[in-house]
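Engineer: Sequence:
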Amino acid sequence: MGRILAIDYGKKRTGIAVTDILRITPGPLTTLPANEVIPFLKDYIPKESVDLIVIGKAIQTNKAVESDSMKQIKPFVAQLKKAFPSVPIVYHDERYTSRIAQQAIALSDAGKKQRRDKALVDRISAVVILQSYLLQQQLQATKANDR
Numbered sequence: 001m002g003r004i005l006a007i008d009y010g011k012k013r014t015g016i017a018v019t020d021i022l023r024i025t026p027g028p029l030t031t032l033p034a035n036e037v038i039p040f041l042k043d044y045i046p047k048e049s050v051d052l053i054v055i056g057k058a059i060q061t062n063k064a065v066e067s068d069s070m071k072q073i074k075p076f077v078a079q080l081k082k083a084f085p086s087v088p089i090v091y092h093d094e095r096y097t098s099r100i101a102q103q104a105i106a107l108s109d110a111g112k113k114q115r116r117d118k119a120l121v122d123r124i125s126a127v128v129i130l131q132s133y134l135l136q137q138q139l140q141a142t143k144a145n146d147r
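Per my numbering, the sequence shown starts with residue 1, numbered consecutively.
Please keep in mind that the hints were generated in silico from the structure rather than gathered at the bench. Worth double-checking, as some hints may not be accurate.
With beta-carbon atoms standing in for the labels, derived distance ranges [said to hold, decoys possible]:
{"hint": "1", "residue 1": "K12", "residue 2": "D51", "range": "26 to 32 Å"}
{"hint": "2", "residue 1": "N62", "residue 2": "I89", "range": "22 to 28 Å"}
{"hint": "3", "residue 1": "R147", "residue 2": "K71", "range": "37 to 43 Å"}
{"hint": "4", "residue 1": "I38", "residue 2": "Q137", "range": "24 to 30 Å"}
{"hint": "5", "residue 1": "S86", "residue 2": "F40", "range": "24 to 30 Å"}
{"hint": "6", "residue 1": "T25", "residue 2": "P75", "range": "27 to 33 Å"}
{"hint": "7", "residue 1": "I89", "residue 2": "P33", "range": "17 to 23 Å"}
{"hint": "8", "residue 1": "K118", "residue 2": "L139", "range": "30 to 36 Å"}
{"hint": "9", "residue 1": "D20", "residue 2": "Q140", "range": "17 to 23 Å"}
{"hint": "10", "residue 1": "A144", "residue 2": "K118", "range": "36 to 42 Å"}
None of these values were measured; they are calculated from a predicted model. Where a beta carbon is used, it is the ideal one built from N, C-alpha and C, also for glycine.
Working from the sequences, and respecting the hints, build out all of it.
Structural biologist: Laid out in structure tokens, this is it:
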């Protein structure tokens, strides 16, 4: 069983998180300029046995409608599919992940400089997306077992 990797794609910066090999614990991996993500993943994915990529799906907060950010995310996903045709890619709702990440950083012992670090927020947002995805999968498995 390989890792699950999550991406919080942004026009400027992209946060990346990954699970441990048992897919239990998500953790931050890195934040990269958007144009460096594919080259980084071309090196990382073969070495670390990634079985699934989860992409944050930008949805408007008041509706179940895609936000304008999806105009940048969809071409990026097309590049991912071309670069990694054997790795499944799924979207997962990313609403409020930046806010949750900012709150988590504020509640930690992070100093003022760290709390303003946008790259840190992007990494933690990717962790939030991944944690939410893992929880959803766990709930679905529990429901299926209860039937």
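Engineer: Give a verdict on every hint.
Structural biologist: Quick rundown of the hints versus the structure:
1. K12 <-> D51: 26 to 32 Å: holds (28 Å)
2. N62 <-> I89: 22 to 28 Å: holds (27 Å)
3. R147 <-> K71: 37 to 43 Å: With Cβ atoms ~40 Å apart, the hint holds.
4. I38 <-> Q137: 24 to 30 Å: This hint holds: roughly 26 Å between Cβ atoms.
5. S86 <-> F40: 24 to 30 Å: Cβ of S86 to Cβ of F40: about 18 Å, so the range 24 to 30 Å is violated.
6. T25 <-> P75: 27 to 33 Å: The hinted range 27 to 33 Å holds for T25 and P75, with Cβ atoms some 31 Å apart.
7. I89 <-> P33: 17 to 23 Å: holds (21 Å)
8. K118 <-> L139: 30 to 36 Å: holds (31 Å)
9. D20 <-> Q140: 17 to 23 Å: holds (21 Å)
10. A144 <-> K118: 36 to 42 Å: 39 Å Cβ-Cβ, so the 36 to 42 Å window holds.
Taken one by one, the earlier hints fail for this structure only at number 5.
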